[in-house]
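Residue numbers (the numbering used here), protein chains in the order written: chain A, 1 to 341; chain B, 1 to 358.
Hints should not be assumed to be uniformly reliable.
[What the hints assert, rightly or not] Calculated cross-link-like contacts (lysine to any residue; reagent style SDA-like; alpha-carbon spacing at most 25 Å):
hint, chain 1, residue 1, chain 2, residue 2
1, A, Lys41, B, Val316
2, B, Lys346, B, Ala329
3, A, Lys41, B, Gly191
4, A, Lys206, B, Ile200
5, A, Lys285, B, Gly35
6, A, Lys76, B, Lys346
7, B, Lys215, B, His230
8, A, Lys125, A, Glu334
9, A, Lys115, B, Gly35
[To be verified] Some chain A residues near chain B, calculated using beta-carbon distances under 10 Å:
hint, residue
10, Val48
11, Thr116
12, Phe204
Bear in mind the hints are in silico, worked out from the structure with no lab data behind them. Glycine is no exception: its CB is placed at the ideal position from the N, C-alpha and C atoms.
In case you want the letters, here they are:
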Amino acid sequence: MKKYLLLLILVLGISTLLAGCGTDTENGAENNQGTEESLVKIGMVTDVGGVNDNSFNQSAWEGLQLLDKDLKGEVKVDFAQSTSDAEYIPNLTQFVKAGWDLTWGIGFLMGDHVKTVAEQNPEAKLAIIDAVVDAPNVASVTFKEHEGSFLVGVVAGLMTKTDKIGFVGGMDIPVIARFDAGFTAGVKAANPDAKIIYNYTGAFDKPDLGKAAAATMYDQGVDIIFHAAGATGDGVFNEAKARKDAGQDVWVIGVDKDQSITFGDDITLTSMMKRVDQAVYRVSKELVDGEFKPGLIQLGLKENGVGLPAENPNIPADVLEKVNEFKQKIINGEIEVPSEK
Amino acid sequence: MNKIVKFFTKDSSLIPLMAILLGLLFGAVVMLLGGYNPLLAYTALFQKVFGDLYNIGETIRQITPLIFTGLSVAFAFRTGLFNIGAEGQFVMGSLGAVWIGTQFALPWYIHAPLAIIVGALLGGFWGAISGYLKAKRGVNEVITTIMLNYISLYLANYIIANYLRAPGQQRSEIIQDSASISLNTLSEFFGYARLHWGIILAILAAFVFYIILWKTKMGFELRAVGFNPHAAEYAGMNVNKNVINAMFIGGVFAGLGGAIEVLGVFKYMTISASLPGYGFDGIAVALIGANTALGVIFAAILFGVLEFGAAGMKFVAGVPIEVIEIVIASVIFFVAASGLVKFILKPFRRKEKGGAVE
C-alpha cells in the first residue's frame, strides 16, 4: 500500500504546486472577463489551409488583427484552425455558442457548414468569404475577380512582345472561371491580335503541374503567364525563374496577394490582388459600428476589393496610364466585364 | 472496495492510467515553461469535452471512426500483419457509401444498410488486395498498403470529380435522405451535435472483433498465424488463406468507418488534397489498445477526447496550437511507451514487494 500513498502524495504535491501557479493568472483572467462584456468579439474559422497558408486564411486573419490594432480596447479577435473537414462545424459552433458577436468562415469550402450553423443558431451573426450562403443572418462576401483580372489582362496585352499570353488555372470552378473571363476580355480589349493559351491543371496544391504547364507555354512562345492556381502557381514562378536565369524574357502575373514580395520583382510583372483582409476588416468594422448587413456583398474595383498593387516597378508609365483609364471606365460602368466565358 | 482497488491497481489498467497522468504532467511542465496556465488549460480541455451536450455529442462523433480504424489495424496485427492501409480502406468505404447514397433512390430500410455494406465490402476488397499480394507473391504488406492509400485517394477524387460531383462544388452531391444514418431527434436534443448510428455499429464491431478472434476456429487460426506462421503451417493451417482473410476483415472494419462517416456526418465526400488521417490515428489507437477490442475502444476515447478538447485549450486558456500538439503527443507518447512508465514506477513497486514479503 505504501507505494500508492507515496504516489498519491507526489501527485497531490505537484497538483498543488501547479494550482499555486495557476491562481494568480486565473484571477487575472476573471478580471479580464469583467471588461470583456463590453468588447465586440469577432472570431474566424480557417479552412484546412490553416492560418499561415500564405493565402486567403492568412489574409483574413491579418484583416482581423489590423482591426484589433485600430480599435484597441473595443474588440476581441481570435481564430480557430480546422485540421479536417469534420471540424468546421464544431469550430464555428464554438464561437457561436460562446456568444461571439460575429463568426467568419473563410473560404469556398465552408459554405455548407456556415449555412448549417446559421440555420441552427438564427440569433447568431456569421459571415463567409468566397461563397454565397442564403440565410438571413449571414453576410456573404464575394469578389469581382473578373474586374481585377481585366486590368492585368490589359497589362499583359500591352506588354507582350510575342503576342502570345498564357493562363494557368487551378480547378475549373466558378471562382476561377471569373479570373479567366475577365483576363481574356482585358487582353482582347488592349491587344486584339494577342493569342491566349489556357491550361487548367486540376489542382491548387501541385507546383509540379504548374511548372510543367508553364514550360509548355513558354516553349510555345508565350512571354507572360497569368496564374490563378494557388500553390500550383508557385511552379509557374519556378519555371519563369529558371528561364529568366537562362536569359529568356518571360514574366508571371501573380494572384491574390502581391506575389512580387515572395518571388521577386525580376519575374513578377504585377499581381491581381484580392483583398480578403480589407473585406474582413470592412464587414467586421460595420458590425462594431452597429451597421452589420446580412446578404451578399460583392467587392470589385470600385470598393477596392480587387486590383493591382500600389507599386508596379516593372510596368512602364504609359501602360499604367492605360490601365487606370480602363479602371475608371469599369468603375463608371462604361465597360461591363464578363464574369463567364 | 478492495475489488475496486484491485481492478485499478492491476498492471493492465494501472500502467495506462499512470501513463496518461505522466503525459499530462509532462504537458503541464511544457505549458508552464511557455508561460501558460496548465490547470486552466486542462480544465478547458475537459470542459470542452464534457461541458455541454453538444460537445459530448461531437466528441462521440470524433471517437467513432477511430474505433473502426483502430479495430482494422488491431485485427491485422493479431495475424502478424501491419496494416498501414486503414486510411485507404476508409476512403474506399466512404466512396462506396457515397456512390450508393447519391446514385440510387431506395426505401430507407434498404438504402442505408446497402450503402454501409457496399462501403464495408469495398474497404475489405482494398485490404484483400494487399493480403493477396502478401500471401501469393510475398510482397510486403506495409509497402502495398501505403501505396494503396494514395491510389484510393486519387481514385476517389477522380470518380467524384467526374461522376458524382455537384455542379460548381468541390464535392459530391448530397446523399439521399433515405441513406442517412443520422439520429435527427437525438441530435436536436444534443444541440445539433452530429450524432448517428455509427457509434452503436462501432461497439457492435468491437464485439464482433472479439467473437471472431477468440470464439471461432477461424480466429484461433488467425491468431496462431500471428504468433508463429511456421508453427501454424506445420500444424496444418493454411497460412496464405488466413493472411488474405485477416486483411479482408481488417479492411471491412476500416471501410465501415469510412461509410458511416459519410452517411452520418458529412452526407457528401469532398475532392480532397490529402488523406483524412483517421487510418493513421488508427495505428496508434490499436497499439495503445494492445490490439484488444476493449483496449481499442478506450484508446479511441482517449484520442478523441484529446483531439476534440484541444480546441477548448486554445479558445479558453489561450494556449497556442503548437503547444497543444506537444501536450497531446506527450500523453500518447507515455501511453505508447509503457516500458518507460514501468521504469518510472519501479522504485515504488519494489517497496511494495518488500512490504509484502514482510
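Results for each hint:
1. A/Lys41 x B/Val316: holds, 14 Å
2. B/Lys346 x B/Ala329: With a Cα-Cα distance of about 24 Å, the restraint between B/Lys346 and B/Ala329 holds, given a limit of 25 Å.
3. A/Lys41 x B/Gly191: holds, 22 Å
4. A/Lys206 x B/Ile200: Given pair A/Lys206, B/Ile200 is violated - Cα atoms ~40 Å apart, limit 25 Å.
5. A/Lys285 x B/Gly35: Between A/Lys285 and B/Gly35 the Cα gap is close to 32 Å, so the pair fails against 25 Å, i.e. violated.
6. A/Lys76 x B/Lys346: Violated: A/Lys76 and B/Lys346 sit about 49 Å apart, past 25 Å.
7. B/Lys215 x B/His230: Between B/Lys215 and B/His230 the Cα gap is close to 23 Å, so the pair holds against 25 Å.
8. A/Lys125 x A/Glu334: violated, 36 Å
9. A/Lys115 x B/Gly35: violated, 38 Å
10. Val48: holds, 8 Å
11. Thr116: holds, 8 Å
12. Phe204: At 8 Å from the nearest chain B Cβ, A/Phe204 passes the 10 Å test, so the hint holds.
When the structure is compared with the earlier hints, violations turn up for hints 4, 5, 6, 8, 9 and for no others.
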